[in-house]
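J.: Given chain A, work out where chain B should sit, using these hints.
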Amino acid sequence: MNEVSKDPKKANNGKADKPKVSRRKFLIGSAAVAGGVAFGAYFILRTPANPLLRDLGPGEAAITPFVKITETGITFIVPRADVGQGILSTQAHLIAEELDIDPGTVTLDPGQPHPIYVNAKIASNSLPFQPLDEGFVPRTVRDLMETVARVSGAQFTGGSSSVADLHEKLRHAGAAARETLKTAAAGRYGIPAASLATENGEVVFPDGRRIAYTELAADAALVEPVTDVELRPPERWRKLGTVFQRIDIVAKSTGAQRYGIDIELPDMLYAAVRANPGRGVSFDRYDDSVAREIRGVHVVVEVTDGLAVVADNTWRAFRAAAALDVDWQTPDYPASSEEMWRVLEDAHREDNIDSRLRDDGDVDEALDGADVVSAEYRAPFLAHAALEPLNATVLVEPDHVTVWTATQVPTAIRDAAAEMTGVGKENVTLHVLPAGGSFGRRLDHDYVVQAIEVAMSVPGTPVKTTWSREADMAHDFPRPFHMARARGAVSGGRVVACDIDTISPSLSASWFGRVFIVPPGPDTLIVWGAYDQPYAIPHYRVTGYKAPEVVPIGSWRSPGACSNSFFHEAFLSELIAAAGVDPLEERLRLISDPTSRRVLEAVGEMCSWNGPDIGAGRGRGIAFAHSHHVPVAEVVDVTVTDRGLRIDDVWIAADCGTVFDPVNAEAQLTGAAIWGLGHAMNCELTYENYAPLQTNYHAFQGMRLYQTPRFHTKLLEQAPAVAGLGEPATAPAAPALADAIFAATGQRLREMPFNRFVDFA
Amino acid sequence: MPLLWVLRDELGIKEPKYGCGIAQCGACTVHVGGSPVRSCQLPVGSVWSDVKTLSGLGAGGALHPLQTAWIEHQVAQCGYCQSGQIMQAADLLARNPNPSDADIDAAMSANLCRCGAYPRIRAAIKAAAASMRGGE
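In order, the protein sequence lines correspond to chains A and B. Residues in the first sequence are numbered from 1 upward in steps of one, following the numbering used here. Residues in the second sequence are numbered from 1001 upward in steps of one, following the numbering used here.
Some clues are possibly wrong.
Claimed, not checked - Derived DEER-like restraints, expressed as beta-carbon distance ranges:
| id | chain 1 | residue 1 | chain 2 | residue 2 | range |
| --- | --- | --- | --- | --- | --- |
| 1 | B | P1043 | A | E338 | 38 to 44 Å |
| 2 | A | I294 | B | W1048 | 25 to 31 Å |
| 3 | A | S374 | B | P1043 | 56 to 62 Å |
| 4 | A | P234 | B | P1043 | 54 to 60 Å |
| 5 | B | P1043 | A | R238 | 51 to 57 Å |
| 6 | A | A699 | B | P1043 | 45 to 51 Å |
Everything labelled a hint here was simulated from the structure, so no lab data went into it. Computed from a predicted structure; not experimentally measured. The beta-carbon is built from N, C-alpha and C at its ideal position, and this holds for glycine as well.
Looking at chain A on its own, in the form it has when it is part of the complex:
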C-alpha cells in the first residue's frame, strides 16, 4: 500500500517542487491485472509487484505496470512481441482508448521479463476439452491452468492469445491511469475529480483549461491509484473498431524500422555459426586454420551443436564459418524422410494411443458391415523460414548480461542468460526488438543461448550472432510430420460415421521440454483441429497416437490444426461426396453451434454458393475449422489452365468476438490463409543424411505474388469471447483448396504438398 501522504497538495506544494519520497515507498498496488480472481489461494491471487516501480525516478509515476508517466513523456509497456502480426499497435491502442491519448505520441516499450506480464490464456488453450464445452470441469481446469501459468510467470506470445489475454488488462490500465491523473489534478486544484474530463493527453477542467498528463506525473506518483474503474462500452470507443493507422506502418514503409538484425553498438563484433546439419549432436574434430586466416576473424568458439566464428563484420564471419573443416557426429535418428515416414506408420499401434478426446456414439458398430469409406492423409515437415534470419546480440560483463533480440519467450531468455553466466536474473537486461517474422520459431530461444555462448568468449564486447539462411533452415524446429488414417460411412444421404486416427510426434513434449516443462496428460496438439470440431456426427471418434520424436519439432502457425484440419475436412469432404449431398448444406446440418453456423452461412452468401460445380475446367471447394477459438469458413475457386491450376478467388468468414483493429484483422486473415495455401501447394522439408535438403528459398518459398488469389473477407462479432486472428485462417485453407481441386479435376489430394501431384500455374 501507499505509505505516502494521501494529500497530494501537502506532498507537492506547487508545480516546481519534486516530491521527496524514497523509491521503496512506492509500493502501489496495480489496477491493471484484471481477471486475477476466484482461483483459490492468496499466494496465487496476489498481484506481483509492479516492476516499473523499481526504476522510477523522482516525480515519475507508474500507475499500472503498463503505463509510466514522467515530466518528459508517457511510456506504454507492451509486453507481447510483435512478430509482424501487429500486436504492438493493438496493445498501444487498447491502452490509449481508455487513457484518451494519441498512441502515436507515446513511447512503446516491450518492458523487462516479469511475472506480471504472464500470458495466462495460452496455458488453458491446449487442455483436453472441447473448446465450446463450458461445463463445470472444463471451466474449472481452464481456470486452474491459468493459475498455474500465473504462478510460473511464463511470459509468452503465441497461440493467437494476445488480444484474448490482454484486451481487458490493457483497457483497465488505461482507465486506471486516466482516473488517477484526474484525481491528481483534482487534488492539486481542490476540485472534484468527477468534474474533470480527459482528451488528447490532457486533463480538461470545467472552465476549459487544460493540463498535460506529463505535468501531472509528480502529483500522480503520490496519489493512491484509482483501481475501481469501469471500462467504456464499445459504442463509446473513439478509435477501437474503426479504421486507423497501425503504429509501425510509417517506419515500415520508409525503411526507418529497425529489427534485431539491425542493432549496432560501439566496438561490436559479428559472429556466424557453423552447426552440425544434423540435430542434437556436435563435432568429432575440426580444423580452423583456414578460417582463422580470413581477414577480420577474431576467434573461433565452440558452441552447442558446433562452432562459431567472431569477426569484424557479418560477411567475413559467414565466409570463415564456411571455411571451417569439421567432422560431424552422427545423429541418433533416421537419416532420411523415407525412414522417418516408416517410423510414423509404425507408430499407428494400440500401445501408442495418447488420447481419445472425441468418442461419440458407437463407431465400431456403425462401421461394421457398412460400405466403409477409408483414406490416408499426410502432412510433411515444414520450416518457419521467417525472412529475418535468427540473430541475437549479447554483451557479457562481470556482473551483467544484456541481450538484444526478437523473441516470444523473454522469461526463458532471462533465465538462460542468468544460469549460463552466473549473474542474478535481476542483472539480465533484455531488449526485445521487432521481428522480421516468426510464425512460431521465436517460441524457441536456442539461437539466443548460442549467442550468449559466443559473447561469453569475448567478455566486455557486444557480439551480434547472425545465422545464415542455410543455418536457419537446417536448425529450424519444424512443423512435425503428421499422418491420419480415417474410416467413415454414409447412409441415406447423410454422414453417419467418422473415425480418424491421427499420428504425430508430441509437439508439447518436444517444445515444452526445451523451453518450459512438459505438461502432464495427453498431448492435445496431436489431435488439435480434429477432435475439437463442432460437428454432431452420430458416430464420431478421434484418436491420437504419439509417435517417436525423430527430430526436435516446434510450433508452426496453428500447430496441430495446420495438419489435422486438412485431414479432418478433406475426409469429411470425401464422406459428403459419398453421401451425394451439398458440402455446405451437410456441414450446416451437422453443426448446431450458432457461431460456427453463422460463418458458414456468411461465406456461402459472400460467394453466392451454389455447389462445387462452377463450370467446365473450374471447381469450388469449401472447408471449415474451429481453430484457436475462432470458427473460420473458407471457399476457394480454381481454374485449370494450360500452365497448371490457378487459384482465382478465396472467401473467408470468421468470428473473433470483437474486432479492435479491422485493418490489421483483415491482414491476419489473408496472411494466415496465404500461409496455409502456399505451404500446402509448394513446401516440404525432405531429409537426407539427417538434414533437410531444402537449404534456402529456392527450394522453400511458400506463396509468391504470381500465385496469390483475390481475397474476400468478412469478420463477424457475435462469438461470446474475444479471440485472436494470427492463426485461425491457416487451418481451413489447405482442405478448401484440395476440395476445389477435386471439384475441378476429380482428383483427390490426400498428401501435402500438392505440387507433388498437380502443377500450379
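T.: Same frame as chain A, now just chain B:
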C-alpha cells in the same frame, strides 16, 4: 565483399535486408544507376554507378508515391521485405506507368513476403501508379 554487407555493417545503412544471400528473396534490393539490383550478389568493387536505398527514393526528401501508397494501404506486417518490395516496384513504375495484374506479378514475384502481404502490395502499386499518372 557484397554491396549488401558494406552497406549494412560498414556504412550502417540498414534498409537493405539480408534474407537469403543467393538472390532468391529480394529483401536486399537497392538501385544502382537507377536499376534494381540484389545487393547480396554484387561485389562492392563492381558497383558501376550511384547506389540508392529506400530512404533516398523520394524526390527532395519527400516520400515516393509508392511509400505513400504503402502507408495508406497499410501493406506491411513484419515489414522486413518491404524495403526490397518498394525498390522493385519503383523500377516497375518507372518502366510501366499503368501496370496490369500480370505486369505486377511478373515484376514482383521474385520478392518474397513470408507474411503474405501480397494483396495489399498489388493494391498499393496500382494506387501509386494512378497517383503518379496524375490522380486518375
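J.: If you check each hint against the structure, which ones fail?
T.: The structure conflicts with hint 6 only, although it agrees with all the remaining ones.
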